[in-house]
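Asks: Top line first, the protein sequences correspond to chains A and B. With the working numbering applied, the first sequence covers -11 to 443. With the working numbering applied, the second sequence covers 247 to 377.
Don't take every hint at face value.
[To be verified] Partner residues aside, some chain B positions facing chain A, computed with beta carbon under 10 Å:
1) Pro261
2) Arg262
3) Asp264
4) Ala266
5) Leu270
6) Asn288
7) Arg297
8) Met317
9) Gly333
[Stated by the list, open to error] Just some of the chain B residues that point at chain A, by a computed CB distance under 8 Å:
10) Gln267
11) Ile293
12) Leu300
13) Asp313
[Unchecked claim] So the derived label-pair ranges between C-beta atoms look like this:
14) Gly38/A to Leu343/B: 24 to 32 Å
15) Lys271/A to Asp276/B: 56 to 64 Å
16) Gly38/A to Asn256/B: 15 to 23 Å
Don't read these hints as lab results, they were simulated from the structure. Glycine included, each C-beta is placed from N, C-alpha and C at the ideal position.
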Amino acid sequence: MKKLIVNRQLDIILDSIADGVFTIDSDSNITYFNRAAEKITGVPRKLAIGQKCFDVLRANICQTSCALKATIEGGESRINLPVNILNSDGKTIPISISTSVLRDEQGKIVGGVETFRDLSAIETLRKALRFSGRIRNHSADIISKNHEIQQILNILPDVAISNSTVLIEGPSGSGKELFAKAIHKLSRCQGAYVAINCAALPDSLLESELFGYMKGAFSDAKADKPGRFARAEGGTLFLDEIGDISPALQAKLLRVIQEKEYEPLGATAGQKANVRIIAATNKDLAGLVKLGAFRGDLFYRLNVVRLSLPPLSRRREDIPLLIEHFISKFNAIKGKEIEGVSDDTLDILMTHDLPGNIRELENIIEYAFVLCRGHLIEVRHLPRELQESVLRKTHQEAAANRISPGPPPLGAAEAAAILDVLRKNGGSRIRTAMALGIDKTTLWRKMKKFGVTYR
Amino acid sequence: MMKIAIPVFNSRISPRFDCAQEMLLVDIADGKIMAQWKISINKLSSIEKNRTMLNLGVDTLICGGIDRHSMQWLKYHDLPVYAWLTGDVQDILTCFLTGGLTSITNAEATGQWCQHRRFKGGKQNINRGRR
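Bound conformation, chain A alone (with noise of 0.2 Å):
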């Protein structure tokens, strides 16, 4: 009676604590399973007493390197052992184990004990500072403040892991592909990055680049060569310039994306494809797609995610930031020590349109840093363009002021109050001269030079 009290105390304990806790006999059978290991393991007790320990913890160790079987063998504890489970929802489940061996009242090993933590709230937090850290990493390239492209990182991981075809959407120079990159750094993929730029080739050869080849499918195919989706297996592909590619094209990407299967040229069966695609275009594919100019059943297959990425003018607050990152480039590249712009080039370089975008942008820092010979870029050292396209816009505006000056702030009041007493009298320039205390010449003269006219 007392043993039987002492036994469920001992029950008691054991459930209260938060570490799982089980034991074995001899042939690995469990003989008992405490409330925590029922809440880690998702497996209740009185379906897990009875089973071998395997089947029930899962663990990656199990058939490998028994913990508990070598403390058993060998007598020796294992303390804070780091494994992982697979708990009953398939899910991983990362725990840190302690192993003993279990006694009878002679000292004889008639079983072992094993303890174990879920350390799941832990791995969580090292894997969201590990991730972190690995969007700085994988997305250092990109560099912005803007709210937009901060919007579109803030996801960019979960998209990644995601695996869903991409479209980037975005004008030319914008950095397209530099997203397209950091979404399959951040995907954790095993395969390879392959990119292609579908404007850059012709129709017939882009074909083979994507799909490969065999031997003999044409008369210069001399051997098998694989394209660019078996180049990516495993991996990501990156299309650029989608809105390129010819209709038929079109037609056999389709099938690719949904079979997940396609025919290298002169093969005579499908080769399988796991490849995560991604595609980008600066043409307004949906536009395209009204236009009968795209297939439509491509664009909702491609258009799982869609990112927009702004042009550079939508986002002029990254010029300094990016031109200072150009700087830092290429000096690290050409080995130079300039430090920066002179106020008048950041001017200039924060006014022009910079339709090339960020591109753009690189190349006018990398044309500056042959010309500089000091540490500041001056306007001089600006591609002869720019400097041109500057001052034309300049003597155009210096010319539309000529032309039409309009009134300055306090004519402006001016004007306005001669337009509301014109209003007021009719549109008679005799009255209004009178109410307004002028002279009739002098109240021509003010209409001419503000731009008044009253019919």
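Could you slot chain B onto chain A? The hints should help.
Replies: For chain B alone, coordinates are given in the frame of chain A:
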């Protein structure tokens, strides 16, 4: 002829597909075992094990515990899976041949304790859900 794969641990089904060291491949025709042989998969990562199933032309996978990612991957590639089984491999094989197993590839449930309800036959030690 169909080919089934069973990750094994000695004479038992491997408790974890992603950590299995050996794979038993069985050729079956007209409800009979035509050939069976083992291959080593100890150096393969989880995703490589998944791909091996396809590369070897496996029609069905019979396994113990399986992680969600592998389950989804195999489901995506239309490979029927009988999972969360325990016990002696030959008993499970017999059970499969007599139609006692139910594939859970298309089932919403992934966990072993849900699968127990789907298990239709076999010896008591094959699956503790039968207890």
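Asks: So, for every hint listed, does it hold in this structure?
Replies: Okay, the hints, checked on the actual structure:
no., hint, in the structure
1, Pro261, "holds, 5 Å"
2, Arg262, "holds, 5 Å"
3, Asp264, "holds, 8 Å"
4, Ala266, "holds, 7 Å"
5, Leu270, "violated, 14 Å"
6, Asn288, "holds, 8 Å"
7, Arg297, "holds, 8 Å"
8, Met317, "holds, 6 Å"
9, Gly333, "holds, 8 Å"
10, Gln267, "holds, 6 Å"
11, Ile293, "holds, 7 Å"
12, Leu300, "holds, 7 Å"
13, Asp313, "holds, 5 Å"
14, Gly38/A to Leu343/B: 24 to 32 Å, "holds, 27 Å"
15, Lys271/A to Asp276/B: 56 to 64 Å, "holds, 57 Å"
16, Gly38/A to Asn256/B: 15 to 23 Å, "holds, 19 Å"
The structure is inconsistent with hint 5 alone, although it conforms to all the rest.
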